[in-house]
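Protein chains in written order, with the numbering used here: chain A, 1 to 351; chain B, 1 to 780.
Calculated from the structure, these hints are not laboratory results. Possibly wrong hints are sitting among the right ones.
A short list of chain A residues far from chain B (calculated; beta carbon distances all over 12 angstroms) [what the hints assert, rightly or not]: (1) Tyr14; (2) Leu38; (3) Ser50; (4) Glu111; (5) Arg133; (6) Lys155; (7) Ser172; (8) Ala183; (9) Lys201; (10) Ala209; (11) Asp229; (12) Gly232; (13) Pro249; (14) Thr276.
Straight-line C-alpha distance at most 27 angstroms; calculated DSSO-like pairs for lysine-lysine [to be verified]: (15) A:Lys242 with A:Lys122; (16) A:Lys201 with A:Lys219; (17) B:Lys382 with B:Lys320; (18) A:Lys122 with B:Lys590; (19) B:Lys250 with B:Lys215; (20) B:Lys181 with B:Lys156; (21) B:Lys106 with B:Lys94; (22) B:Lys106 with B:Lys238; (23) B:Lys382 with B:Lys572; (24) B:Lys607 with A:Lys242; (25) A:Lys122 with B:Lys588; (26) B:Lys572 with A:Lys122; (27) B:Lys106 with A:Lys122; (28) B:Lys215 with B:Lys238; (29) B:Lys572 with B:Lys677.
C-beta atoms are modelled at their ideal positions from N, C-alpha and C, and glycine is treated no differently.
Chain by chain, the residues run as shown.
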Amino acid sequence: MQGGSSGIGYGLKYQARCISDVKADTDHTSFITGTLSLREENEVHLIRLSSGGTELICEGLFSHPNEIWDLASCPFDQRIFSTVFSTGESYGAAIWQIPELYGQLNSPQLERIASLDAHVGKINRVLWWPSGRHDKLISIDDENLFLWTLDCSKKAAQVQSKQSSGMLHYLSGGAWDPHDINAVATTCESSVQFWDLRTMKKTNAIEHAHIHNANYDMKKNHILVTAEDESGIHIWDTRKPKSPIQELPGHTHWTWAVTCNPEYDGLILSAGTDSTVNLWMAPTSIEDEAISESIAESPAQQADPLLNSYSDYEDSVYGLAWSSREPWIFASLSYDGRVVVESIKPFLSRK
Amino acid sequence: MGAEDNVPLDDKAKRMRDLLSSFYAPDPSTNNAPSNPGTLDAINTSSFDADQYMNLLIQKSNLDELLQRHVEMAAEIKNIDTDLQMLVYENYSKFISATDAIKRMKSDIVGMEANMEQLLDKIMSVQSKSDGVNTSLFEKRENIEKLHRTRNLLRKVQFIYDLPTRLGKCIESEAYVDAVKFYTGALPIFKAYGDSSFQDCKQASEEAISIIVKKLQGKLFSDSESIQARTEAAVLLKQLDFPVDSLQVKLLEKLEQSLGDLQLKTDDIENASMESNDPKLGKVPDSVHITAHEGSIRGFAEAISAYRVIFPDSEGHLIKLAQDLVVKHFETVEQCVKGRFSCANLLVVLRTIWTDVLLMDEVLSEAVLPGFSLEAAQNALKQHVASTFNYLLHDISDALLRLNVSSKEAAEENPLQVALEASKKALLQGSMDVLLDFRQLLDDDLGLLVQLRDFVSDWVQEGFQDFFRALYDRFFLLSGRKSSSSQDQGLTAGAHGEKVLAGLVLVLSQLSVFIEQTAIPRITEEIAASFPGGGARVYENGPAFVPGVMCRIFRSAGERLLHHYINMRTQKVSTLLRKRFTTPNWVKHKEPREVHMFVDLFLQELKETTSEVKQILPQGLERKHRRSDSNGSTASSRSNQLRDDKTNRSNTHKARSQLLETHLAKLFKQKVEIFTKVERTQESVVTTAVKLCLKSLQEFVRLQTFNRSGFQQIQLDIQFLRTPLKETVEDEAAVDFLLDEVIVAASERCLDPIPLEPPILDRLIQAKLAKWKEKNPITP
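Can you make the complete structure from the sequences, with help from the hints?
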């Protein structure tokens with residue numbers, strides 16, 4: 001399980017938490033990331049993996065007015081992305097467009113398409129529908145869930161509907177179901193809640209504490225993966241919210257982020273505050289595995305779900321993104337501002 | 001011809017004999033050995049050809065030889081001549097002596113005839129005299145015979161006239177056997193003459209007999225009589241032509257009723273077991289009970305054999321009765337086995353049953369009772385093994401769950417230690433007792449058990465395997481890790497719905513280690529010593545009890561539970577910290593006045609952990625920093641070479657910044673590992689818990705934005721934590737590092753990071769310490 005130095009590194013100037021795959025860029029494997037610095041001038045980096053796959057090239061460097069807490073690339077337009085930012089005292093969210101001629105300009109400015117400024121509380125996430133073109137956006141703050149209609153050409157975003165999460169439910173994040181345009185899962189301190197966007201009503205909930213992050217399986221319907229403080233990673237079938245179908249040990253400290261591979265079934269990546277990124281292989285026959293989860297057969301027969309542990313980080317890893325163009329490549333971002341792009345090809349053969 | 005020279009004498013004697021025998025022999029040709037006429041030896045054969053012989057001789061021999069041959073031949077001829085002469089003489093003399101003998105015989109025979117005639121005369125006279133005697137005695141003899149016959153007849157008549165009184169006497173003396181014998185003897189006469197001359201007699205004796213019949217019937221159905229006596233009565237009644245079939249039905253009914261008494265009563269068994277548990281008094285009543293039971297069974301067996309003789313067609317019914325009895329016996333046993341029931345008691349009961357079965361088998365082998373009861377015993381034993389292990393499991397979990405109760409009462413000083421010791425004892429002692437118990441089953445020479453011996457040892461081994469599996473499941477159930485276990489969800493929800501105690505998890509973890517390191521080896525040893533082989537079962541899945549696998553399972557269980565314990569402990573702190581950091585508005589924080597109270601809670605939690613850990617876990621050998629076994633670190637022990645490499649690479653993109661400086665500062669600091677492997681020692685566990693808590697603290701800080709006062713508050717709290725943490729923790733450097741990290745994180749997340757002046761910091765800490773001492777005067 002030696003992390004090795006197979007990864008390709010890239011340094012940001014400041015600390016950073018978020019990185020996103022530029023899904024709409026079909027010609028290159030690119031990622032976009034933003035820094036988190038209270039007192040310095042923050043930057044958004046557009047990074048591209050060189051054609052040989054040996055180097056990370058800074059394709060664009062843009063200044064961003066505030067520290068970036070969340071960043072998401074638009075799945076249908078590579079020049080558009082959203083950020084959640086904080087001035088230190090208040091939070092905001094905006095949709096940005098990378099200027100057309102940024103190659104020629106010296107210090108190009110990002111073009112703000114829209115501000116999602118209906119929020120009052122602390123904004124946590126902005127979600128795009130991951131599966132394709134959709135003119136809706138979701139933003140989540142501590143207490144509310146907003147559905148926005150975005151018109152890029154008019155450069156306007158309007159609140160279409162809004163729903164409060166209810167008393168004592170402080171939302172921390174969420175995920176948009178790639179299989180169902182009307183289903184969104186939000187995480188809060190004690191549970192995962194599922195919403196129907198048409199009615200803005202809660203449809204279901206998984207009662208489980210301390211979930212940091214949730215991610216839908218891109219391939220399989222109804223499969224949701226969650227990351228928690230102490231108890232690691234759980235894989236849920238959203239139709240059976242009583243108990244998880246699979247449990248993975250997670251990290252030595254908190255498991256911060258978890259993401260399913262967009263192409264390979266059962267491949268899960270998790271990042272933790274113990275400065276490691278773990279690559280998991282959830283057993284394919286999930287239904288059977290749930291029953292004989294304990295020790296029905298001797299432990300030797302159960303393959304270790306942990307395929308590899310990348311421990312080549314200096315600080316907690318918060319950012320994690322698969323490349324959708326080359327699904328065997330992922331980018332990770334540790335708090336000290338280091339982007340590391342790794343290939344999981346050596347582990348694919350084991351399947 | 002040299003060879004022939006050596007044997008002339010033997011040759012000669014042989015020829016002599018041959019000649020003599022051929023002379024007397026009826027067929028001379030047989031004597032002649034078939035020999036080739038072409039050789040010189042052919043001289044003795046009947047096919048001898050003189051010319052040919054001569055030619056051969058001349059051809060083969062030189063002159064000297066011929067001459068010598070001639071001489072020899074002449075001598076031989078002479079010899080033969082003398083021999084012939086001698087033979088003739090001998091024969092002649094024999095003939096003469098034979099003639100003499102014949103002459104003498106002829107003269108002797110002449111005088112015999114006269115003597116014979118004399119003898120004949122004498123015999124004739126003897127015969128005539130005996131005839132005379134015979135005729136004279138004939139008349140008298142006939143008279144005597146007649147008289148004798150009359151006397152016999154008279155005696156019979158007398159018997160018949162006496163019969164009623166005799167029967168009466170028999171009734172008085174209850175000698176029914178004799179009475180029936182007499183009556184049946186007289187019956188033919190009554191039949192022939194009963195209507196005429198013996199009418200009175202017949203009536204009288206029939207009356208007597210009817211009395212007897214009544215008495216016999218009464219005897220047959222009276223419970224006070226022994227079965228033997230009743231059987232006798234049945235036989236007698238049958239002899240008296242009484243309708244037996246109705247009797248049979250009635251009797252069998254009675255027998256069936258008596259079966260009820262024969263049943264082993266659960267109470268009796270329990271009494272027996274109670275008594276046998278009492279070492280002083282136990283034996284006597286127990287054995288009395290047993291002998292009484294055996295007596296009645298013996299009676300039952302006798303009855304069966306008697307009935308079989310009397311009623312040949314009742315066999316099927318009897319078989320059914322016997323089998324019912326056995327079935328009921330085993331039903332009782334199974335009922336007992338369901339409860340707590342020691343093997344010794346089981347043995348007593350089985351022994352009783354087996355003697356019963358053997359007794360019944362003697363008289364009723366068709367019922368195949370031994371085979372039948374063998375099967376039933378197999379089931380009962382199997383059930384017994386299962387229930388024994390079940391109870392063992394219950395004992396252990398009871399010992400563990402007592403912790404829940406006792407900790408609520410908080411009476412004991414070291415509840416965890418007590419629980420651990422109790423459960424250890426329950427486990428080891430229980431297992432040993434179980435083995436000892438089953439050992440009794442094996443040692444006993446009861447026929448029933450001898451045949452099941454192999455099965456028993458298999459079942460015991462299997463039982464242990466299942467037991468440990470179940471124990472493992474139970475552990476995780478108790479620890480609450482498998483809260484959503486699909487199988488017994490109802491039970492889980494009901495019994496363990498309340499929050500699981502962290503201490504219990506620690507106890508479970510230690511118990512797992514104990515099982516792996518002590519209990520399983522001990523049990524394996526014991527099994528190997530007392531349950532050799534097995535082997536009755538086909539091992540399709542290998543041997544029944546696989547200690548290696550079990551050890552592995554429990555080793556991993558121990559580790560998982562230990563981690564789970566640490567997690568549970570840190571989770572509490574984590575909740576505490578979460579509340580601390582999410583509640584206030586840090587950007588508008590007021591100036592720090594005192595150390596925040598979450599520190600107290602944190603330390604209290606830590607103290608609790610330490611006290612729990614101290615009760616159970618062993619102390620570490622010494623204080624040391626482990627570097628070798630890290631599995632993840634923040635500023636870890638990677639080689640500088642590699643590190644420089646990377647820094648160079650990323651440096652190309654990096655502007656000089658404050659961040660880089662802190663990085664470089666980290667580089668030159670002593671490298672400290674945070675997430676080291678947990679060891680099963682007090683210090684290691686506490687240290688790991690503290691490290692995890694501090695890391696969480698750092699992560700919570702990173703999520704907030706502070707104003708200057710907020711930052712200063714954090715600084716103050718951390719500063720205060722430093723001393724007490726170092727005291728409790730093994731790895732000071734790591735804790736120091738983490739505390740620094742928290743302050744760094746806070747300063748990074750601060751809009752205006754100006755630390756508190758050291759004097760103010762000092763004063764606030766001193767104030768807190770004073771307050772603390774006031775609250776807890778004993779603790780330093």
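- Message: Let me make sure I understand: some of the numbered hints might not hold for this structure. Which ones are they, in numerical order?
- Response: Of the numbered hints given earlier, those the structure breaks are 1, 2, 7, 10, 11, 12, 13, 14, 15, 22, 23, 24, 27, listed in rising order.
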